[in-house]
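Given the sequences, and given the hints that come with them, work out the whole structure.
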Amino acid sequence: MVITEIDGITLNLDKKIIGRDERVSLQEIKKRDIPSFIKNYFDRESEKWIREESSMFLSSGRFNYDLPEIRKKFDELYNLLKNTAIFSRAKLHRVMEQAVKLQSNFLIQPQRTMVQFIYRDEDVITPAEVMDSMKYFLDYEYYYQALEQFFKNNKMETISRTKFKSFIQQLDEKALSQDKSGAALSMAQVIVGFLNLGRDQQSDNLDTEILISAYQDRNLPDFVNAMKNAQSKGKDKIPVSQLAGMLKSFVETGDIEPKIVKEAPKAAEVKYEEKKEVVSTKNLSNLVSQIEDIKEEDQAADVSSFFEEEEEDDIVLPAQPPMPEVKPTVKPAVPAAAAAGADTATQLAEHLARQMGQAEVLEDLNKLIEDKDKKLYIKKLFKKKDKEFFQLLANLNASTNWKDANNLIDDTFYALEVNPYQKEAIAFTDAVYARYFPKKD
0 MVITEIDGIT LNLDKKIIGR DERVSLQEIK KRDIPSFIKN YFDRESEKWI
50 REESSMFLSS GRFNYDLPEI RKKFDELYNL LKNTAIFSRA KLHRVMEQAV
100 KLQSNFLIQP QRTMVQFIYR DEDVITPAEV MDSMKYFLDY EYYYQALEQF
150 FKNNKMETIS RTKFKSFIQQ LDEKALSQDK SGAALSMAQV IVGFLNLGRD
200 QQSDNLDTEI LISAYQDRNL PDFVNAMKNA QSKGKDKIPV SQLAGMLKSF
250 VETGDIEPKI VKEAPKAAEV KYEEKKEVVS TKNLSNLVSQ IEDIKEEDQA
300 ADVSSFFEEE EEDDIVLPAQ PPMPEVKPTV KPAVPAAAAA GADTATQLAE
350 HLARQMGQAE VLEDLNKLIE DKDKKLYIKK LFKKKDKEFF QLLANLNAST
400 NWKDANNLID DTFYALEVNP YQKEAIAFTD AVYARYFPKK D
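For the sequence shown, position 430 matches number 429 in numbering that gives the first Met the number 0, and the numbering has no gaps at all.
In short, the hints are calculated from the structure, not lab data. Be aware that one or more of the hints could be misleading.
[To be verified] Under the rule of at most 16 Å between Cα atoms (straight-line distance), these lysine to aspartate or glutamate pairs were calculated in the EDC-like manner:
| no. | residue 1 | residue 2 |
| --- | --- | --- |
| 1 | Lys-232 | Asp-254 |
| 2 | Lys-14 | Glu-27 |
| 3 | Lys-134 | Glu-273 |
| 4 | Lys-379 | Glu-423 |
| 5 | Lys-281 | Glu-140 |
| 6 | Lys-384 | Asp-372 |
| 7 | Lys-383 | Asp-372 |
| 8 | Lys-179 | Glu-276 |
| 9 | Lys-438 | Glu-362 |
| 10 | Lys-379 | Glu-121 |
| 11 | Lys-29 | Asp-42 |
| 12 | Lys-81 | Asp-42 |
| 13 | Lys-164 | Asp-122 |
| 14 | Lys-270 | Asp-199 |
| 15 | Lys-47 | Glu-128 |
| 16 | Lys-90 | Glu-44 |
| 17 | Lys-38 | Glu-273 |
| 18 | Lys-386 | Asp-370 |
| 19 | Lys-134 | Glu-147 |
[Unchecked claim] So the derived label-pair ranges between C-beta atoms look like this:
| no. | residue 1 | residue 2 | range |
| --- | --- | --- | --- |
| 20 | Lys-71 | Glu-140 | 25 to 33 Å |
| 21 | Glu-140 | Ser-288 | 13 to 21 Å |
| 22 | Ser-24 | Glu-291 | 41 to 49 Å |
| 23 | Ala-430 | Lys-71 | 37 to 45 Å |
| 24 | Glu-121 | Lys-366 | 30 to 38 Å |
| 25 | Asp-120 | Lys-71 | 27 to 35 Å |
| 26 | Asn-282 | Lys-71 | 38 to 46 Å |
Just so it is clear, CB atoms sit at the ideal spot from N, CA and C, and this is done for glycine as well.
Rendered as structure tokens:
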């Protein structure tokens with residue numbers, strides 16, 4: 000739905016952040032003229048790197064790292080280290096791409112995105128883990144504030160995926176009920192402002208399908224039906240400046256087009272506004288206190304992990320025919336004026352190939368991905384449907400640039416209802432990414 004705009008945002012940010020640099024530090028990224036959500040995502044990734052590296056020696060047992068004075072020194076060291084985190088050109092683009100996708104998904108479908116991103120492979124996690132993941136999201140801040148209040152009022156060691164989902168749904172139901180039409184309009188303004196970051200010409204038009212997804216996620220059936228009514232009239236795009244009138248007319252008459260036709264309001268330029276709220280947060284504490292508690296069901300012990308290795312050994316990998324040599328399609332450099340006329344997807348694909356040193360020959364993914372990893376992906380992502388997995392590999396092998404391959408992965412994961420934030424999904428995508436932009440020694 001938003002592929003063109005996402006490509007545009009990625010292309011614009013790539014030029015602003017990377018430019019001609021081979022490596023960029025977090026400190027330098029923070030100085031760039033880029034949206035806060037990008038800086039925040041890189042900041043979070045740097046913290047994740049520090050946790051990964053520190054766990055290697057903090058768990059050695061040879062020294063007492065729990066002494067307060069030692070922990071204080073380590074915290075000081077971590078703060079210094081974080082800003083020195085170095086991102087190579089390939090890694091920087093990959094992280095930036097993830098940040099843009101996460102932001103897009105969150106702004107359009109916050110409930111779905113939070114559940115997928117926060118819980119990933121788990122059904123039960125701690126409140127601290129929830130709040131740590133919530134720091135990736137700067138917009139719709141009322142979610143963070145409400146969860147913070149909820150955990151303060153209710154002491155718990157863990158919270159299940161089901162309970163978290165119920166809390167978010169109830170929160171939106173109560174918060175949006177104060178002014179549903181106003182909230183629905185604000186959502187559209189937030190989304191179109193974000194998408195304008197990737198548009199050559201600013202517009203207040205929004206795909207009707209995007210609005211349907213946004214209103215379905217927040218459980219606003221009247222507005223979902225209003226947009227479906229618009230689709231039935233051939234309106235595939237909705238000017239946000241006219242949205243309020245359409246919603247009002249549909250609620251009153253069942254039709255987005257009022258019987259008395261007034262002059263349509265002029266389209267307004269909608270710029271991206273950071274941390275724009277869609278609901279009032281004045282009575283947030285009161286709303287949180289009204290949310291009904293969902294009792295946790297006793298979780299049966301998950302013994303699947305004990306048999307995981309045996310189950311993966313049951314998967315037989317069929318022999319794959321050798322793949323003919325595939326070379327990436329990289330066109331010679333063209334003048335800026337001519338490049339501007341090309342579609343955004345082509346511009347992005349060619350920009351990446353030139354700026355990031357795409358591989359001269361694209362290797363066969365059947366060889367690049369180890370057999371043990373193939374079995375893991377077939378089991379965890381493809382529900383043991385090996386034919387679908389190898390068909391995807393064949394299609395990816397035929398893709399001559401990362402842009403097309405990335406879209407193919409996204410479409411496949413969406414069709415198979417694979418959580419894109421699951422660790423195996425991320426590992427698989429990274430493995431394919433390395434085909435086009437292999438690590439340099």
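Quick rundown of the hints versus the structure:
1. For the proposed pair Lys-232 and Asp-254, the alpha carbon gap of about 10 Å is at most 16 Å, so the pair holds.
2. In summary, the hint linking Lys-14 to Glu-27 is supported, as the alpha carbons are separated by about 14 Å, within the 16 Å threshold.
3. For a cut-off of 16 Å, the pair hint linking Lys-134 to Glu-273 stands: about 15 Å separates their Cα positions.
4. Proposed proximity of Lys-379 and Glu-423 is supported: the alpha carbons are some 7 Å apart, at most 16 Å.
5. A hinted pair counts as satisfied when its Cα atoms are at most 16 Å apart, and Lys-281 with Glu-140 qualifies at roughly 13 Å.
6. Among the hinted pairs, Lys-384 with Asp-372 is consistent with the structure: their alpha-carbon atoms are about 15 Å apart, no more than 16 Å.
7. Between Lys-383 and Asp-372, the direct Cα distance comes to roughly 13 Å. Compliance with the 16 Å bound is thereby established for this hinted pair.
8. At roughly 13 Å between alpha-carbon atoms, Lys-179 and Glu-276 fall within 16 Å of each other, so this suggested pair holds.
9. For the hint linking Lys-438 to Glu-362, the alpha-carbon distance of about 14 Å falls within 16 Å, and the restraint holds.
10. For the suggested pair Lys-379 and Glu-121, the alpha carbons sit about 13 Å apart, so the restraint of at most 16 Å is met.
11. Restraint check: the Cα-Cα separation between Lys-29 and Asp-42 comes to about 9 Å, which is no more than 16 Å; the hinted pair holds.
12. Straight-line distance between C-alpha atoms of Lys-81 and Asp-42 comes to about 8 Å, which keeps the hinted pair within the 16 Å bound.
13. This hinted pair checks out: Lys-164 and Asp-122 have alpha carbons roughly 11 Å apart, not beyond 16 Å.
14. A distance of roughly 13 Å separates the Cα atoms of Lys-270 and Asp-199; the hinted pair therefore holds under the 16 Å criterion.
15. At roughly 13 Å between alpha-carbon atoms, Lys-47 and Glu-128 fall within 16 Å of each other, so this suggested pair holds.
16. Restraint check: the Cα-Cα separation between Lys-90 and Glu-44 comes to about 11 Å, which is no more than 16 Å; the hinted pair holds.
17. The suggested pairing of Lys-38 with Glu-273 holds, with an alpha-carbon distance near 13 Å, which does not exceed 16 Å.
18. Between Lys-386 and Asp-370 the alpha-carbon distance is near 15 Å, which keeps this suggested pair within the 16 Å criterion.
19. Of the supplied pair hints, the one linking Lys-134 and Glu-147 holds, its CA atoms being roughly 11 Å apart against a limit of 16 Å.
20. A hinted range of 25 to 33 Å for the beta carbons of Lys-71 and Glu-140 is consistent with their spacing of about 30 Å.
21. Between Glu-140 and Ser-288 the CB atoms are about 19 Å apart, so this pair conforms to the stated range of 13 to 21 Å.
22. The given range of 41 to 49 Å is respected by Ser-24 and Glu-291, whose C-beta atoms sit roughly 47 Å from each other.
23. Distance hint check for Ala-430 and Lys-71: the Cβ-Cβ separation is about 40 Å, which falls inside the suggested range of 37 to 45 Å.
24. In this structure, Glu-121 and Lys-366 meet the distance hint of 30 to 38 Å, their C-beta atoms being roughly 32 Å apart.
25. The supplied range of 27 to 35 Å is met by Asp-120 and Lys-71, whose beta-carbon atoms lie about 34 Å from each other.
26. Against the hinted window of 38 to 46 Å, the Cβ-Cβ separation of Asn-282 and Lys-71 comes to about 39 Å, which satisfies the hint.
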